[in-house]
Amino acid sequence: NAGVTQTPKFRVLKTGQSMTLLCAQDMNHEYMYWYRQDPGMGLRLIHYSVGEGTTAKGEVPDGYNVSRLKKQNFLLGLESAAPSQTSVYFCASSYPWDRGQETQYFGPGTRLLVL
Amino acid sequence: RKEVEQDPGPFNVPEGATVAFNCTYSNSASQSFFWYRQDCRKEPKLLMSVYSSGNEDGRFTAQLNRASQYISLLIRDSKLSDSATYLCVVNPSNTGKLIFGQGTTLQVKP
Numbered sequence: 060n061a062g063v064t065q066t067p068k069f070r071v072l073k074t075g076q077s078m079t080l081l082c083a084q085d086m087n088h089e090y091m092y093w094y095r096q097d098p099g100m101g102l103r104l105i106h107y108s109v110g111e112g113t114t115a116k117g118e119v120p121d122g123y124n125v126s127r128l129k130k131q132n133f134l135l136g137l138e139s140a141a142p143s144q145t146s147v148y149f150c151a152s153s154y155p156w157d158r159g160q161e162t163q164y165f166g167p168g169t170r171l172l173v174l
Numbered sequence: 123r124k125e126v127e128q129d130p131g132p133f134n135v136p137e138g139a140t141v142a143f144n145c146t147y148s149n150s151a152s153q154s155f156f157w158y159r160q161d162c163r164k165e166p167k168l169l170m171s172v173y174s175s176g177n178e179d180g181r182f183t184a185q186l187n188r189a190s191q192y193i194s195l196l197i198r199d200s201k202l203s204d205s206a207t208y209l210c211v212v213n214p215s216n217t218g219k220l221i222f223g224q225g226t227t228l229q230v231k232p
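Same order as they appear, the protein sequences are chains V and S. The first sequence begins at 60 in my numbering and counts up by one. The second sequence begins at 123 in my numbering and counts up by one.
Looking at chain V on its own, in the form it has when it is part of the complex (with noise of 0.2 Å):
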């Protein structure tokens, strides 16, 4: 069972190029979360999903992109990186809040430095 998993590990990209992180889920778990965590910021929430085809924006979408086509999997894209995106990301997957079990629980990251 490996939880929460998220590719690449580390990514340099120039401003300008396009990429796509990949996190996968093996809880089956129907929400999953994209965060990006910047010093003295917290983390904020990027775009996140309540189910397989289904996405929504969180408080700092601008400039990303997602897709749920399997529930397992949630894509994170990044269309024309810009140095402000330098941060590492985070995807995070739960179930359902409304059957009260509200643990989110985190892949290991992706750090991303646009130069």
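Fair warning: there could be bad hints in the mix.
[Claimed, not checked] Cβ-Cβ distance ranges computed for the label pairs, FRET-style: (1) C162(S) / S143(V): 41 to 47 Å; (2) N134(S) / R103(V): 25 to 31 Å; (3) Q131(V) / K219(S): 19 to 25 Å.
Honestly, the hints are just simulated from the structure, not real lab data. Ideal placement from N, C-alpha and C gives every residue a C-beta, glycine not left out.
Assemble chain S onto chain V, guided by the hints.
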């Protein structure tokens, strides 16, 4: 004003000390509250949920004061392994869209 505010610290304490962290939140309608722990360069992990009546898990005690809109975490008999960043987390709308504080760093010294 940030939605969730914490003193970033660092709090430097000797082993065996008792240390307390506070966190304030701005949305009075917030439903759920949590403390997560994050080790250096690792992912956050749930430490404990915070209930209105207060709750305890071993050396850790969490309390909620809705009237004053603050949450506290008390750690007794600190261990070296308690060194980490403690994130105060609030769910303002019971939708899973959590709001994270910036974290309070604790360093326990021998």
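Each hint tested on the structure:
For C162(S) and S143(V), the Cβ-Cβ distance of about 24 Å falls outside the hinted range of 41 to 47 Å, so the restraint is violated. Our hint of 25 to 31 Å for N134(S) and R103(V) holds, since their Cβ atoms are close to 28 Å apart. The hint said 19 to 25 Å for the Cβ distance between Q131(V) and K219(S), and at roughly 21 Å that hint holds.
Going down the numbered hints, you'll see the structure goes against just number 1.
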